[in-house]
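Please model the entire structure based on the sequences and the hints provided.
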Amino acid sequence: MERCAARRAPEEERRVRANARDYNEKFQYASNCIKTSKYNIITFLPVNLFEQFQEVANTYFLFLLILQLIPQISSLSWFTTIVPLVLVLTITAVKDATDDYFRHKSDNQVNNRQSQVLISGVLQQEQWMNVRVGDIIKLENNQFVAADLLLLSSSEPHGLCYIETAELDGETNMKVRQAIPVTSELGSTSKLAQFDGEVICEPPNNKLDKFGGTLYWKENKYPLSNQNMLLRGCVLRNTEWCFGLVIFAGPDTKLMQNSGRTKFKRTSIDRLMNTLVLWIFGFLVCMGVILAIGNAIWEHEVGVCFQIYLPWDEGVHSAFFSGFLSFWSYIIILNTVVPISLYVSVEVIRLGHSYFINWDKKMYCAKRRTPAEARTTTLNEELGQVEYIFSDKTGTLTQNIMVFSKCSVNGHSYGDVQDMLGHKAELGERPEPVDFSFNPLADPRFQFWDPSLLEAIKLGDAHVHEFFRLLSLCHTVMSEEKSEGELYYKAQSPDEGALVTASRNFGFVFRSRTPKTITVHELGRAITYQLLAILDFNNIRKRMSVIVRSPEGKIRLYCKGADTILLERLHPINQDLTNVTTDHLNEYAGEGLRTLVLAYKDLEESYYEEWSERLHRASSAHEAREDRLAQLYDEVEHDMMLLGATAIEDKLQQGVPETIAILTLANIKIWVLTGDKQETAVNIGYSCKMLTDDMTEVFVVTGHTVLEVREELRKAREKMMDASRSTGNGFYQEKLSSSKLTSVLEAIAGEYALVINGHSLAHALEADMEVEFLETACACKAVICCRVTPLQKAQVVELVKKYKKAVTLAIGDGANDVSMIKTAHIGVGISGQEGIQAVLASDYSFSQFKFLQRLLLVHGRWSYLRMCKFLCYFFYKNFAFTMVHFWFGFFCGFSAQTVYDQYFITLYNIVYTSLPVLAMGVFDQDVPEQRSMEYPKLYEPGQLNLLFNKREFFICIAQGIYTSVLMFFIPYGVFADATRDDGAQLADYQSFAVTVATSLVIVVSVQIGLDTGFWTAINHFFIWGSLAAYFAILFAMHSDGLFQMFPNQFRFVGNAQNTLAQPTVWLTIALTTVVCIMPVVAFRFLKLDLKPELSDTVRYTQLVRKKQKTQHRCMRRAGRMGSRRSGYAFSHQEGFGELIMSGKNMRLSSLALSSFTARPSTGWIETLRKKKGSDSSTAGSPSSAASKTLKV
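With numbering that gives the first Met the number 0 as the guide, the letters of the sequence shown map in order to residues 0 to 1191.
Hints are computed from structural coordinates only; laboratory data are not their basis.
Predicted model, so just to flag it, every value in this text is computed and none were measured.
Among the hints, a few may not be true.
[Said to hold, decoys possible] Cross-link-like lysine-lysine pairs, in silico, BS3-like; alpha carbons within 25 angstroms at most:
1) LYS804 <-> LYS264
2) LYS104 <-> LYS34
3) LYS803 <-> LYS949
4) LYS553 <-> LYS600
5) LYS25 <-> LYS220
6) LYS515 <-> LYS481
7) LYS780 <-> LYS804
8) LYS137 <-> LYS190
9) LYS800 <-> LYS936
10) LYS803 <-> LYS718
11) LYS1086 <-> LYS936
12) LYS104 <-> LYS37
13) LYS217 <-> LYS137
14) LYS481 <-> LYS174
15) LYS1090 <-> LYS949
16) LYS264 <-> LYS800
17) LYS174 <-> LYS137
18) LYS94 <-> LYS264
19) LYS361 <-> LYS936
20) LYS190 <-> LYS104
21) LYS800 <-> LYS949
22) LYS1105 <-> LYS949
23) LYS780 <-> LYS849
24) LYS800 <-> LYS780
25) LYS34 <-> LYS206
26) LYS1090 <-> LYS1105
27) LYS803 <-> LYS264
28) LYS206 <-> LYS174
29) LYS553 <-> LYS515
30) LYS37 <-> LYS94
31) LYS37 <-> LYS217
32) LYS936 <-> LYS718
33) LYS264 <-> LYS949
34) LYS800 <-> LYS206
[To be verified] DEER-style ranges, computed between Cβ atoms:
35) GLN27 <-> ARG112: 22 to 28 angstroms
36) ALA722 <-> ARG613: 49 to 55 angstroms
37) PRO156 <-> SER549: 25 to 31 angstroms
38) ARG524 <-> ARG368: 41 to 47 angstroms
39) PHE62 <-> ARG367: 47 to 53 angstroms
40) GLY186 <-> ARG613: 37 to 43 angstroms
Ideal placement from N, C-alpha and C gives every residue a C-beta, glycine not left out.
In structure tokens:
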């Protein structure tokens, strides 16, 4: 990320004084202006040209242009090179300028946002880019935070304010920040204007969850933490106003520190082409040397005898110097082995592919009115080579919407929908949802499909009543009633929002709360409970409890939490009920639902009083406070009575499990990198079928030290190796090198998954352990990294890029995904709930994860196929065209004389052969889009780079050289003895040139007809139209009219008409065409018969289906039961109970609720999937890899 200001030396600490711009400016802190663009008006031309001339081909053509300006060696006009070169540079520059214009536009939009800044005691409207470190800013509800601020005061009690951090960490639930007490009373501008405190804190860094500093004011010092900070990118919610002191601005903010630089991305084909151009240039030099030596020898031995009428040019005094000049002349003549039109054509094809993505109606989201968008045109073919996908979770795989789906109460399971016969209804056969019209306070958006639960409530089932009473009391939700009966819940986690909304609809409506009471409307009757204590949630307890006193004076503890924790704290009398409920929990977990157990306990008044006194003493303790509280909580939360369990569905986006299944079949590895908690991420992994109970083992790495992490990774590798040896795979060796170990691990039997936490990942990414981590992770089918920072996401992607040499794709929807998106070879942004930062940084964008399947398997695969076929044909036709000059050199005294006239040379790549190959490059396809989706294995040739590589390149140029030999020597042999109809000698230079040129155009036209796999009207028009254009231009150039207008340029009047009127010429052309094409046809028929590729088999199958008119069989996939536990425990935050009980008026945000049920299991996947036969790190030849991969 670049800065608007000049770069400065790194800071050791930061000093900021409030309301003192002069003092702060002496430190030269960055302004609040941000810059993501690459160019400005002054730097655009030099920087862009510098980038373009990094392309070897552009430098090559510039060199040729300079040669053509030297008259002694130039046998072609300079315009044949300068016009295409300027055209290519201009087109690319316009494209780059357009891309950067939109970056400037985005930057200006952000930099020109308005903010209220306190200047000289008065609030003034200032643009964001004019905000400075040390300024005091006023923020209002729903405004974005302009910079990293120290919260000074707010409209809420105790200096509290509520923020949404979706742009930072992807989490849409509310978070609470609080001003330190000494500044929380500074609510007026007059008091704030007099505030002159000084902050000394850490220098700018990218750690989102940490901040350390000290405020010095009035000879006192006050510690500052992350709880006192509002970071840029957050949004102020449910808070009327707040004031903050700017600590970090612009590029120094933590958001921008986590954003990677805008990188110049090139595809692997681009890099390969740069290498090939160097090779071709070396080949060109070799040909030039051979012909130059030939010229020197010929001039010394033969040419010297003809000096009288064939004198050397002026300045040439020896055969050696003549050979030297001939070398440069041949370099110019033979340069068309790589014409500059190649690069123009590549850009046109990529542009066409980008428009196909933009126009694809099947990737259009009608709900959001959002089409897919290719934001770059340079990476399309790399979409067909992706091996690793790095995905965010929240908002990318999920909708971040929770729905109350099922529950178990007193051993009875509710939520399964039954049809009229009492059987479980299939999806799509659901009856009408439960009618909640009896409840005027019900949420109209809530839906439940099992009416028996509502009937149990109406019949007065005591257990069901107690179940929902617990849900309405045991939480930290805040209620807001904007109008009579119109309730809005503000939940700090979407789980809580779903549970409280469910109790609301079933008649137990949480209405309001104070620090000491909770009011619930139970079946229309208002009841106020006294809130005695909240036993808060944390990651160790994995549960939350409340202790309340009913109006009757009964004291009861209600508890909810992870089943693994609560089931062991139940009274022994619950054993039978526990067994039934555990079965229900396993059933729910198998469906990918997030489970939670509910229990209660009645407390004696005397016991509670004594326990409460001990709780008060523990709360006031200065030492071991947390441990003492935990012991008291654990004491009271024992011998509880089981009520039941809940099952919440974390709504996946539509089509996510199916998409992941298909992409896995295509041998693409998917890693989830999320800022979310481990349990939540693991549950989503099961829901979307990345993780399954059929897996051999799921390794969880949670070490807090380097040694612990290394040991856990070592144990995981050992288990995988032991399993491999026990199955008899024969991979055992006493010592293995790192590369060998990687190949062995990736070939192991069994399927494994790796789950690693952020603090463990920080150690795993250190230089001395990163290879061990990568070896372990790449041996696993699925990898989930939890609690990772935005920078760690980018580091994981960079690690795979560095060691695996594989094409990577990163997909996300929030600002916390930007650096990952920029680091990967291909970045995809989801235009969802978390702003547009990810979209702005991406190469491709759409609205739903399921479209990734179509982007890769259809558009990506086709783009790769088309680009490879285009390049193979292009090199073939140009070698066939150019090498004729080389053979001719041996028969013209090596004089750098061309076979064709210069107009044919100029028009060959621009007119005669450009459009047919463009049509193939834009429209060709080997199988229809439906088959591309049905047969994901068709994607593997791109991953293995089978369709265009160095081997394929040499095959193409070999075919081109073979064609050029026949193209020259067949007409040469025929013309040696042939005569015209009138008996005159047929052999003359002009007739020979016309014959060879006509043969060439016909042969390459027939060849592209053979290469085209999908014929459209455009293909027909371009191929036959190019042939027609050739003959029309040929006859026009040899016509009387042009000769009369330009007698010096078009001397050969009637030559084409006379030559092509001879039957011998046409027989020569036909013979040349047949001899050039027949070996290609024969080879392809044999290959199709003896060693067909998967695409050939798919096409054959399609033809058989059409003939037999059989129906395509659909496979039904049944879900499997799972065994994992509650997803609730890690989806909650610690500390809210204490805030509520202290009387600080908490206000938190709610999330909308809606759905999708994850159904398919991976059983059908595993029967279809075949392991990739070869990888970049595995041993084995490319041919064996290809044969393994392309088997049906």
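Right, here's what the structure says about each hint:
no., hint, in the structure
1, LYS804 <-> LYS264, "15 angstroms, holds"
2, LYS104 <-> LYS34, "10 angstroms, holds"
3, LYS803 <-> LYS949, "20 angstroms, holds"
4, LYS553 <-> LYS600, "11 angstroms, holds"
5, LYS25 <-> LYS220, "24 angstroms, holds"
6, LYS515 <-> LYS481, "22 angstroms, holds"
7, LYS780 <-> LYS804, "18 angstroms, holds"
8, LYS137 <-> LYS190, "14 angstroms, holds"
9, LYS800 <-> LYS936, "23 angstroms, holds"
10, LYS803 <-> LYS718, "23 angstroms, holds"
11, LYS1086 <-> LYS936, "20 angstroms, holds"
12, LYS104 <-> LYS37, "13 angstroms, holds"
13, LYS217 <-> LYS137, "23 angstroms, holds"
14, LYS481 <-> LYS174, "22 angstroms, holds"
15, LYS1090 <-> LYS949, "21 angstroms, holds"
16, LYS264 <-> LYS800, "13 angstroms, holds"
17, LYS174 <-> LYS137, "19 angstroms, holds"
18, LYS94 <-> LYS264, "14 angstroms, holds"
19, LYS361 <-> LYS936, "22 angstroms, holds"
20, LYS190 <-> LYS104, "38 angstroms, violated"
21, LYS800 <-> LYS949, "21 angstroms, holds"
22, LYS1105 <-> LYS949, "38 angstroms, violated"
23, LYS780 <-> LYS849, "20 angstroms, holds"
24, LYS800 <-> LYS780, "18 angstroms, holds"
25, LYS34 <-> LYS206, "21 angstroms, holds"
26, LYS1090 <-> LYS1105, "23 angstroms, holds"
27, LYS803 <-> LYS264, "18 angstroms, holds"
28, LYS206 <-> LYS174, "17 angstroms, holds"
29, LYS553 <-> LYS515, "16 angstroms, holds"
30, LYS37 <-> LYS94, "13 angstroms, holds"
31, LYS37 <-> LYS217, "46 angstroms, violated"
32, LYS936 <-> LYS718, "30 angstroms, violated"
33, LYS264 <-> LYS949, "22 angstroms, holds"
34, LYS800 <-> LYS206, "24 angstroms, holds"
35, GLN27 <-> ARG112: 22 to 28 angstroms, "24 angstroms, holds"
36, ALA722 <-> ARG613: 49 to 55 angstroms, "51 angstroms, holds"
37, PRO156 <-> SER549: 25 to 31 angstroms, "28 angstroms, holds"
38, ARG524 <-> ARG368: 41 to 47 angstroms, "46 angstroms, holds"
39, PHE62 <-> ARG367: 47 to 53 angstroms, "51 angstroms, holds"
40, GLY186 <-> ARG613: 37 to 43 angstroms, "38 angstroms, holds"
Going through the hint list in order, the structure does not satisfy hints 20, 22, 31, 32.
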